[in-house]
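Protein chains: 2
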Amino acid sequence: MDVDLDYYTGQLAPLTEKGNYESAATLVADLPNPDIAEILSAIDMDEARRVMLGLDAKQQASIFGYLRPAVQAEMASGMSRRQLAALFELMDHDERADLYNRLSDSERWAVLPGLAHAEREDIRQLASYPEDTVGSIMTSAYVTLRPDQTAGQALDSIRLEAPDVETIYQSYVVESDRRLVGTISLRDLLLANPSARIRNLMIKDVIRSHASAPKTDAARLIARYDILAVPVVNDDEQMVGIVTHDDALDVTESESTADQHRLGAVARLATSLSESTITSLYRTRVGWLVVLVFGNVFSGASIAHFEDLIARIVSLVFFLPLLIDSGGNAGSQSSTLMVRALATEDVHAKDWFRLLGKELAVSLLLGLSMAAAVSVLGYWRGGMNIAIIVSITMILIVIVGSLIGMSLPFLLTRLKLDPASASAPLVTTICDGTGVLIYFNVANLVLNF
Amino acid sequence: MDVDLDYYTGQLAPLTEKGNYESAATLVADLPNPDIAEILSAIDMDEARRVMLGLDAKQQASIFGYLRPAVQAEMASGMSRRQLAALFELMDHDERADLYNRLSDSERWAVLPGLAHAEREDIRQLASYPEDTVGSIMTSAYVTLRPDQTAGQALDSIRLEAPDVETIYQSYVVESDRRLVGTISLRDLLLANPSARIRNLMIKDVIRSHASAPKTDAARLIARYDILAVPVVNDDEQMVGIVTHDDALDVTESESTADQHRLGAVARLATSLSESTITSLYRTRVGWLVVLVFGNVFSGASIAHFEDLIARIVSLVFFLPLLIDSGGNAGSQSSTLMVRALATEDVHAKDWFRLLGKELAVSLLLGLSMAAAVSVLGYWRGGMNIAIIVSITMILIVIVGSLIGMSLPFLLTRLKLDPASASAPLVTTICDGTGVLIYFNVANLVLNF
Numbered sequence: 001m002d003v004d005l006d007y008y009t010g011q012l013a014p015l016t017e018k019g020n021y022e023s024a025a026t027l028v029a030d031l032p033n034p035d036i037a038e039i040l041s042a043i044d045m046d047e048a049r050r051v052m053l054g055l056d057a058k059q060q061a062s063i064f065g066y067l068r069p070a071v072q073a074e075m076a077s078g079m080s081r082r083q084l085a086a087l088f089e090l091m092d093h094d095e096r097a098d099l100y101n102r103l104s105d106s107e108r109w110a111v112l113p114g115l116a117h118a119e120r121e122d123i124r125q126l127a128s129y130p131e132d133t134v135g136s137i138m139t140s141a142y143v144t145l146r147p148d149q150t151a152g153q154a155l156d157s158i159r160l161e162a163p164d165v166e167t168i169y170q171s172y173v174v175e176s177d178r179r180l181v182g183t184i185s186l187r188d189l190l191l192a193n194p195s196a197r198i199r200n201l202m203i204k205d206v207i208r209s210h211a212s213a214p215k216t217d218a219a220r221l222i223a224r225y226d227i228l229a230v231p232v233v234n235d236d237e238q239m240v241g242i243v244t245h246d247d248a249l250d251v252t253e254s255e256s257t258a259d260q261h262r263l264g265a266v267a268r269l270a271t272s273l274s275e276s277t278i279t280s281l282y283r284t285r286v287g288w289l290v291v292l293v294f295g296n297v298f299s300g301a302s303i304a305h306f307e308d309l310i311a312r313i314v315s316l317v318f319f320l321p322l323l324i325d326s327g328g329n330a331g332s333q334s335s336t337l338m339v340r341a342l343a344t345e346d347v348h349a350k351d352w353f354r355l356l357g358k359e360l361a362v363s364l365l366l367g368l369s370m371a372a373a374v375s376v377l378g379y380w381r382g383g384m385n386i387a388i389i390v391s392i393t394m395i396l397i398v399i400v401g402s403l404i405g406m407s408l409p410f411l412l413t414r415l416k417l418d419p420a421s422a423s424a425p426l427v428t429t430i431c432d433g434t435g436v437l438i439y440f441n442v443a444n445l446v447l448n449f
Numbered sequence: 001m002d003v004d005l006d007y008y009t010g011q012l013a014p015l016t017e018k019g020n021y022e023s024a025a026t027l028v029a030d031l032p033n034p035d036i037a038e039i040l041s042a043i044d045m046d047e048a049r050r051v052m053l054g055l056d057a058k059q060q061a062s063i064f065g066y067l068r069p070a071v072q073a074e075m076a077s078g079m080s081r082r083q084l085a086a087l088f089e090l091m092d093h094d095e096r097a098d099l100y101n102r103l104s105d106s107e108r109w110a111v112l113p114g115l116a117h118a119e120r121e122d123i124r125q126l127a128s129y130p131e132d133t134v135g136s137i138m139t140s141a142y143v144t145l146r147p148d149q150t151a152g153q154a155l156d157s158i159r160l161e162a163p164d165v166e167t168i169y170q171s172y173v174v175e176s177d178r179r180l181v182g183t184i185s186l187r188d189l190l191l192a193n194p195s196a197r198i199r200n201l202m203i204k205d206v207i208r209s210h211a212s213a214p215k216t217d218a219a220r221l222i223a224r225y226d227i228l229a230v231p232v233v234n235d236d237e238q239m240v241g242i243v244t245h246d247d248a249l250d251v252t253e254s255e256s257t258a259d260q261h262r263l264g265a266v267a268r269l270a271t272s273l274s275e276s277t278i279t280s281l282y283r284t285r286v287g288w289l290v291v292l293v294f295g296n297v298f299s300g301a302s303i304a305h306f307e308d309l310i311a312r313i314v315s316l317v318f319f320l321p322l323l324i325d326s327g328g329n330a331g332s333q334s335s336t337l338m339v340r341a342l343a344t345e346d347v348h349a350k351d352w353f354r355l356l357g358k359e360l361a362v363s364l365l366l367g368l369s370m371a372a373a374v375s376v377l378g379y380w381r382g383g384m385n386i387a388i389i390v391s392i393t394m395i396l397i398v399i400v401g402s403l404i405g406m407s408l409p410f411l412l413t414r415l416k417l418d419p420a421s422a423s424a425p426l427v428t429t430i431c432d433g434t435g436v437l438i439y440f441n442v443a444n445l446v447l448n449f
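In the order they appear, the protein sequences are chains A and B.
Mapping of the first sequence onto our numbering: residues 1 to 449, in sequence order.
Mapping of the second sequence onto our numbering: residues 1 to 449, in sequence order.
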């Protein structure tokens, strides 16, 4: 069931044109907040701001969290100091630290004085973690309990804190020095005897992440252990925040995007494709393209070495793209399968040798099938000699291409590099060079024979 | 913080060798269940089964849910009828329906009589939804409330049901005919006045999915609306189950794998790479490889058309792989970016024309950079004429390749096909054919001039 966003955008237009922002706000108020965010992103920014300011403060903060970063910054820059401070106070702590990092200095100074001291400290602390660390995506709004509280007392304090925290379904037990010593779910608290001590109810081996770890670490733990949130500690094992499952899902999505881009030989984009500028897109692509040009020089050099042969039998060139591409295609299939299997921990670096035999068998079958297809073509174009040359070449090229494609991700892993750097274009280029050598050597051998 | 799994595997060996399965079970019992599942998967299956049967029944069921499907089936087939029935009774409802589908007929008949009538009906119902539908991944263990209950009564019934359901943090409000009319979070229930009616507390516009919808629909709703679970209804809007966030995350991961495989021109694997047989791997790869061979025949045919030119200036062949590969690489970069942007809804089918101008600008810049690099090489190999030919060709090839690569995913979307079918090998093959034509036509023109 999806909300028809175009319908609402259409209904908004006449209202905002007449300056009737209050009715416009009422029209969308009951929709889910992510949908309101999408509708507001699609209309004029000044009008979107006015419609949003017609909603209640808590809903404003939630909608704001669903806007794209660039839209957030633009919308914030048109708000009064008081409006911005009110918004900051109610936003999720992790999102407001993000926004803070994206504001100009003057905007920051407009916001900070309107906030309480504790909130200012909180923003400064969260905003200080480097991007891509767990610290940069954690929130400081969670429930902590003490080991000597009773289950009944704990439920009371959870009720009190509920309006201000991101999740009440998991609480964290800390000692007076903030060392994390346990965790307990709301489910277990509800089922427990109200007079039982937290110390005796809590789970003591807490899955935890470190603030300085890469942010994928928190996402991985949440996925592996099916938990709602993972607590984050600093180097002294003191609790400093939590990462919630929805933020982890965002990390997983953006990592998956980065992986796919690498597989397509595109560097990491700082923002989404639709928001990227021409120069930033140029920069993410030019590096690999130029590197690959120089890789292809080897293919060219191999060809130059065989110029006499080519001049003698020009029809060999007919099969050149077909044969070398087939090797590249088989190779990029193999590397695609391995890169993803390594990323999802389906296979591990130590499995390379075990998988080599399987790859050899699969690629032999593939090579034989393709040789059958191409031999007919070879016979038709150049007679029996050419048919023999292209068939033998095809089998060798597919096997060698597959082995290169499946081994490269393992080699990169061993070198502590990202296996996804074994992109289809890189594998294709390497297989092309090898393919040229195989082709003309086979041709020479068969013709001399 | 990760558990050192190798350490535990090493500690288990001497215990299982001596047949001391009870101590072995005690050794791992306090670890998180996903870790126990991984440790048991790494040791002999018979021994793993005996270690597991030493744990308490509830933990057995949870660990079992984390085993890979093939391991589950193998382990289940070695259990007694009574053990299997006990396991079934405690497993998550969605997982046991999955397992049921994977058992042999005789194993099913061994299990079913040991279960209560309601459980049997539940399994039959869940197992009846086709794979890939929302119905196939939903669970029937959730809390339902009635609109005329009070918040206090609702909390009491949640406490009662807590041990048997997957989540108590979101409850669903149904009328007596099971029509879904609202939802309420445990958080709101805890904060509400205990005598308030659910009818007045619940959220009435419930995000919902349909049992017959593709399973990605449930995953998408959970990600978009940051919810813990999405309720599932049948065609009569009656509630039949929920899909929880952890099951949705599994769907997202496996879809991401399928997308990457398609981008590498590999068909969907029925199981993980490490469990795939040689013949199933062959089948997922051979189709595209053969199709691409015939695509490459066009490149070959273009080359045949220019055989006289090639025989006259054999050094043109030196640049052939380099130039056509550059077009293919630029094209697969563009298609990679577009496929992912379309999949994450960053861009939409209607944005094609708007993005075309940007692509043109980026690819012109890329073409100029690469022409600069390759012109030096051209001058060195074949003098001014060749330098001019390869520079002009490079610019045109990169622009045309990029435009093909960025347009193909849009075209596939328009044809209601999966844009990820615009795989790097397909784009490369199309760009290669176009590249050959551009190269030799430019060469002819420049040389005649």
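Fair warning: there could be bad hints in the mix.
Where chains are identical, the list cannot tell them apart; a pair therefore holds if satisfied intra-copy or between any two copies.
When the alpha-carbon atoms are kept at most 30 Å apart in a straight line, the in silico DSSO-like pairs for lysine-lysine are as follows [as the list claims (entries may be wrong)]:
no., residue 1, residue 2
1, Lys416, Lys18
2, Lys58, Lys350
3, Lys350, Lys18
4, Lys358, Lys18
5, Lys416, Lys358
6, Lys204, Lys58
7, Lys350, Lys416
8, Lys18, Lys58
9, Lys204, Lys350
10, Lys416, Lys204
11, Lys58, Lys358
12, Lys204, Lys358
13, Lys58, Lys416
Hints listed in this document are in silico derivations from the structure and should not be mistaken for laboratory results.
Going down the list of hints, with the structure as the test:
In this assembly of identical chains, the alpha carbons of Lys416 and Lys18 never lie at most 30 Å apart, being 60 Å within a copy and 40 Å across copies at closest. Taking identical chains as interchangeable, the C-alpha atoms of Lys58 and Lys350 are never at most 30 Å apart, the minima being 52 Å within one chain and 34 Å between chains. With identical chains, the CA atoms of Lys350 and Lys18 are at most 30 Å apart between copies only, with a shortest distance of 29 Å across copies and 67 Å within one. When the C-alpha separation of Lys358 and Lys18 is checked against a cutoff of 30 Å, the pair qualifies neither within a copy, at 69 Å, nor between copies, at 35 Å.
Taking the closest pair of Cα atoms, Lys416 and Lys358 come within 30 Å of each other only inside a single copy of the chain (25 Å); across copies the shortest separation is 36 Å, beyond that limit. Taking CA atoms no more than 30 Å apart as the test, Lys204 paired with Lys58 passes between copies only; the shortest distance there is 19 Å, against 35 Å inside one copy. Taking the shortest alpha-carbon separations for Lys350 and Lys416, only the intra-copy value of 14 Å comes in at or below 30 Å, while the best inter-copy value is 41 Å. Only within a single protomer do Lys18 and Lys58 lie at most 30 Å apart by alpha-carbon distance; the minimum there is 26 Å, versus 63 Å between protomers.
Neither within a single protomer nor between protomers do Lys204 and Lys350 lie at most 30 Å apart by alpha-carbon distance, with minima of 33 Å and 53 Å respectively. Neither within a single protomer nor between protomers do Lys416 and Lys204 lie at most 30 Å apart by alpha-carbon distance, with minima of 34 Å and 52 Å respectively. Taking identical chains as interchangeable, the C-alpha atoms of Lys58 and Lys358 are never at most 30 Å apart, the minima being 57 Å within one chain and 38 Å between chains. Within a single copy, Lys204 and Lys358 get their C-alpha atoms no closer than 44 Å, and across copies no closer than 55 Å, so neither meets the 30 Å cut-off.
With identical chains, the CA atoms of Lys58 and Lys416 are never at most 30 Å apart, being 46 Å at best within one copy and 40 Å at best between copies.
Hints 1, 2, 4, 9, 10, 11, 12, 13 from the list above are not met by this structure, while the remaining hints are.
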